[in-house]
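For this one, chain A is given, so just place chain V on it according to the hints.
In case you want the letters, here they are:
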Amino acid sequence: MAAVEGLQEDGHADAAQAPARDAGEIVLKLDNIELGFGGVKAINNVSFEVRKGEIRAIIGPNGAGKSSMLNCINGFYKPQKGSISFNGKTMSAMDPHFAASNGIARTFQNIALFRGMSTLDNLMTGRVLKMRRGFLWQALHWGPAQREEIKHRAFVETIIDFLEIQSIRRTPVGRLPYGLQKRVELGRALAMEPSILLLDEPMAGMNVEEKQDMSRFILDVNEEFGTTIVLIEHDMGVVMDISDRVVVLDYGRKIADGTPDEVRRNQDVIDAYLGVPHED
Amino acid sequence: MFYREAGIFKTSYAADQALFRIPFDRIFVISVVLFAALVIPVIGNEYWLGSILIPTLIMAIATIGLNILLGYCGQLSLGTGAFMAAGAFMGYKIATAFPWMPIWAVVILGGICAAMIGVAFGLPSLRIKGFYLAVTTLAAQFFLLWLFQKVPWFVNYSISGVPTAPPREMFGYLVTGAEASVEARYLFILAFTVILALIAANLVRGRIGRTWMAIRDMDIAAELIGIKPLPTKLSAFAVSSFYCGVAGVLWAFCYINTVEATAFDIFRSFTVLFMVIIGGLGSILGCFLGAFFIFLLPIFLNSAPGWVGLEVPTELISHVEFMVFGALIVFFLIVEPHGLARLWAITKEKLRLWPFPY
Numbered sequence: 001m002a003a004v005e006g007l008q009e010d011g012h013a014d015a016a017q018a019p020a021r022d023a024g025e026i027v028l029k030l031d032n033i034e035l036g037f038g039g040v041k042a043i044n045n046v047s048f049e050v051r052k053g054e055i056r057a058i059i060g061p062n063g064a065g066k067s068s069m070l071n072c073i074n075g076f077y078k079p080q081k082g083s084i085s086f087n088g089k090t091m092s093a094m095d096p097h098f099a100a101s102n103g104i105a106r107t108f109q110n111i112a113l114f115r116g117m118s119t120l121d122n123l124m125t126g127r128v129l130k131m132r133r134g135f136l137w138q139a140l141h142w143g144p145a146q147r148e149e150i151k152h153r154a155f156v157e158t159i160i161d162f163l164e165i166q167s168i169r170r171t172p173v174g175r176l177p178y179g180l181q182k183r184v185e186l187g188r189a190l191a192m193e194p195s196i197l198l199l200d201e202p203m204a205g206m207n208v209e210e211k212q213d214m215s216r217f218i219l220d221v222n223e224e225f226g227t228t229i230v231l232i233e234h235d236m237g238v239v240m241d242i243s244d245r246v247v248v249l250d251y252g253r254k255i256a257d258g259t260p261d262e263v264r265r266n267q268d269v270i271d272a273y274l275g276v277p278h279e280d
Numbered sequence: 001m002f003y004r005e006a007g008i009f010k011t012s013y014a015a016d017q018a019l020f021r022i023p024f025d026r027i028f029v030i031s032v033v034l035f036a037a038l039v040i041p042v043i044g045n046e047y048w049l050g051s052i053l054i055p056t057l058i059m060a061i062a063t064i065g066l067n068i069l070l071g072y073c074g075q076l077s078l079g080t081g082a083f084m085a086a087g088a089f090m091g092y093k094i095a096t097a098f099p100w101m102p103i104w105a106v107v108i109l110g111g112i113c114a115a116m117i118g119v120a121f122g123l124p125s126l127r128i129k130g131f132y133l134a135v136t137t138l139a140a141q142f143f144l145l146w147l148f149q150k151v152p153w154f155v156n157y158s159i160s161g162v163p164t165a166p167p168r169e170m171f172g173y174l175v176t177g178a179e180a181s182v183e184a185r186y187l188f189i190l191a192f193t194v195i196l197a198l199i200a201a202n203l204v205r206g207r208i209g210r211t212w213m214a215i216r217d218m219d220i221a222a223e224l225i226g227i228k229p230l231p232t233k234l235s236a237f238a239v240s241s242f243y244c245g246v247a248g249v250l251w252a253f254c255y256i257n258t259v260e261a262t263a264f265d266i267f268r269s270f271t272v273l274f275m276v277i278i279g280g281l282g283s284i285l286g287c288f289l290g291a292f293f294i295f296l297l298p299i300f301l302n303s304a305p306g307w308v309g310l311e312v313p314t315e316l317i318s319h320v321e322f323m324v325f326g327a328l329i330v331f332f333l334i335v336e337p338h339g340l341a342r343l344w345a346i347t348k349e350k351l352r353l354w355p356f357p358y
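Chains as they are written, first to last, in our numbering: chain A, 1 to 280; chain V, 1 to 358.
Extracted from the complex, chain A is given alone in its bound form (with noise of 0.2 Å):
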């Protein structure tokens, strides 16, 4: 649990360093990001970047902007103003499947698996942009189509023993318990092989082993795989235990931004979202 020890470190330290651990490059930035919808600003004026192999986390209070943060992030919002870099690019706004082919993959609050599909099928969706034989080898499912398949079955495969569900591999997932349904969804994000996975309320829902168990998968995925996380969660235990940086949203500001320490100790923080102590 290098996070947690680092997390931990960092107490004693410096405030001015902030990430909690070696920083990598700045792989995603967002810049003076603005997002309306009719009248109402959902983000407003919002800057912040991610760095290669952390794990940062997005909290506020609901409505403040986070989700529709993710989207923009992913392409699925376009933002009125501000700009966002990623892979060395400059752009206005993502487009999902510039998004998509560059590696970054999302999960949803409210679970969007493909109902009607396996567990495997749903998965090897997550292959698409992957796979590349036409249509008529896949007409004939045959030689080079098969061998495809195969080839990306086997790499499914090891996500589906990483998440521990090989027995749910054929049961369609409309038929799954809630938890389930989840792991299956970060399965899925897992398959596209992501550089940066966002996570939206991974454990919205879930009962205290559930989180532990999703904890745990995320933090050996950004170990095994380095890949880098972007989490929007609600409880604040998980968040301050794994997350390097927090940054935190009210009414589509920032109005923080820094280690977990930093941020709990950040009095605009705890007025906004943790709640304002009561004299009495």
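It is worth saying that the hints were derived from the structure and are not from the lab. Hints are not guaranteed to be accurate.
Calculated pairs, BS3-like style, for lysine-lysine (alpha carbon to alpha carbon, straight line, at most 25 Å) [stated by the list, open to error]:
#1 A:Lys-29 x A:Lys-78
#2 A:Lys-151 x A:Lys-130
#3 V:Lys-228 x A:Lys-89
#4 A:Lys-151 x V:Lys-10
#5 V:Lys-10 x V:Lys-348
#6 A:Lys-78 x A:Lys-52
#7 A:Lys-78 x V:Lys-228
#8 A:Lys-151 x V:Lys-228
#9 V:Lys-228 x A:Lys-130
Some but not every residue of chain V turned toward chain A, in silico, with C-beta under 8 Å [said to hold, decoys possible]:
#10 Tyr-13
#11 Asn-202
#12 Thr-211
#13 Ala-221
#14 Gly-282
Values in this document were obtained by computation on a predicted structure and should not be read as measured data. Note that the Cβ used here is the ideal one computed from N, Cα and C, for glycine as well.
Then chain V, alone, in the frame of chain A:
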């Protein structure tokens, strides 16, 4: 027991991804195909082959087509009849313009023409979903039939407007037109049915099928995974219309032996839709179950009173047929939206546990 699912261990992914994962299924399907190819032409009479099996198999092809679009890709279409008509008329034009062309190539080219027309009418699907898309495909239904009826070029300026299908040979046997023997026509259609069903089964279990199902189940998530909605939907329209077009050519050339637009009216579209719903959305097996069910049910309802010695007026029977038909559609929509194929799957699941309750 002769049907076993347990104790079959796969040692390679190739074996695990086989079309029929249980040996019994494979043997069963192969023997059904062999039976249909070798035994039925010998024992079948003119009526069974010509009036039941031939139209059922052709409709099964069209049903696979619509099932790919509706059951796998989730795009509702009421233009099936029009795409069949497109196949039939373009097949007729090709067959008469190039008399030397082998008949199988005519059928495939007719299907490809229908596919292109299907893609054109599938373009609105990027913006329009569900029932609204159904209405735009309805436009295809009315527009295309109107076009084929009003423009004499499509029927080579035939005086009657209803040209007969040109006779064509394959392996030295006549397979199209009124003079062709019913066995030859049947085998010709059976070959197309088997090959097309196999191709459809391969497509839906591969990458393309997964992108279709992803669009059907959760189009937003699919887009964020990197699946482009428009090409995916259009590929489903293309493949679907290709199957409908092939079914249309066969219907005109091998079944009714004339090329006429009225054979592909809105009722044809609805019949195919019923077959998909009753057979099972998202199941190739269901296409055959649905087609056979809808073709055999009227025959059963017609003959059943006779079997038990009841004298029922024909008028009444045809009314009862409509009522039972409608009631069954409602029944399936309420009880089992996934149709006969799902009922079959549930039966298998229940029998796996039987006689234990869990």
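field: Proposed proximity, Lys-78 (chain A) with Lys-29 (chain A) (alpha carbon, max 25 Å)
entry: 15 Å, holds
- prompt: Going straight from one Cα to the other, do Lys-228 (chain V) and Lys-130 (chain A) come out at no more than 25 Å?
  reply: 14 Å, holds
Proposed interface contact between Tyr-13 (chain V) and chain A, which counts if any beta carbon pair is under 8 Å: The hint holds - Tyr-13 (chain V) has a Cβ within 8 Å of chain A, the shortest such distance being about 5 Å.
- request: Sort out whether Lys-348 (chain V) lies within 25 Å of Lys-10 (chain V), counting only the CA atoms.
  value: With Cα atoms ~21 Å apart, Lys-10 (chain V) and Lys-348 (chain V) stay inside 25 Å; holds.
message: Holds or violated: Lys-151 (chain A) and Lys-10 (chain V), Cα atoms, limit 25 Å.
response: Roughly 16 Å separates the two Cα atoms, so the pair holds.
message: Min Cβ distance, Thr-211 (chain V) to chain A: is it shorter than 8 Å?
response: Hint on Thr-211 (chain V): holds, closest Cβ of chain A at ~6 Å, below 8 Å.
query: Holds or violated: is there a CB of chain A closer than 8 Å to the CB of Gly-282 (chain V)?
result: At about 7 Å, which falls below the 8 Å cut-off, the nearest Cβ of chain A leaves the hint on Gly-282 (chain V) intact, so it holds.
Hinted pair Lys-151 (chain A) and Lys-130 (chain A), Cα distance within 25 Å: 11 Å, holds
- request: Would you mind confirming whether the straight-line C-alpha gap from Lys-228 (chain V) to Lys-89 (chain A) stays at or under 25 Å?
  value: Holds, at about 22 Å.
- prompt: Within 25 Å, alpha carbon to alpha carbon, are Lys-78 (chain A) and Lys-52 (chain A)?
  reply: 24 Å, holds
- prompt: Per the CB criterion, is Ala-221 (chain V) less than 8 Å away from chain A?
  reply: 4 Å, holds
query: Are the Cα positions of Lys-78 (chain A) and Lys-228 (chain V) separated by 25 Å at most?
result: 17 Å, holds
Checked against the numbered hints given earlier, this structure breaks none of them.
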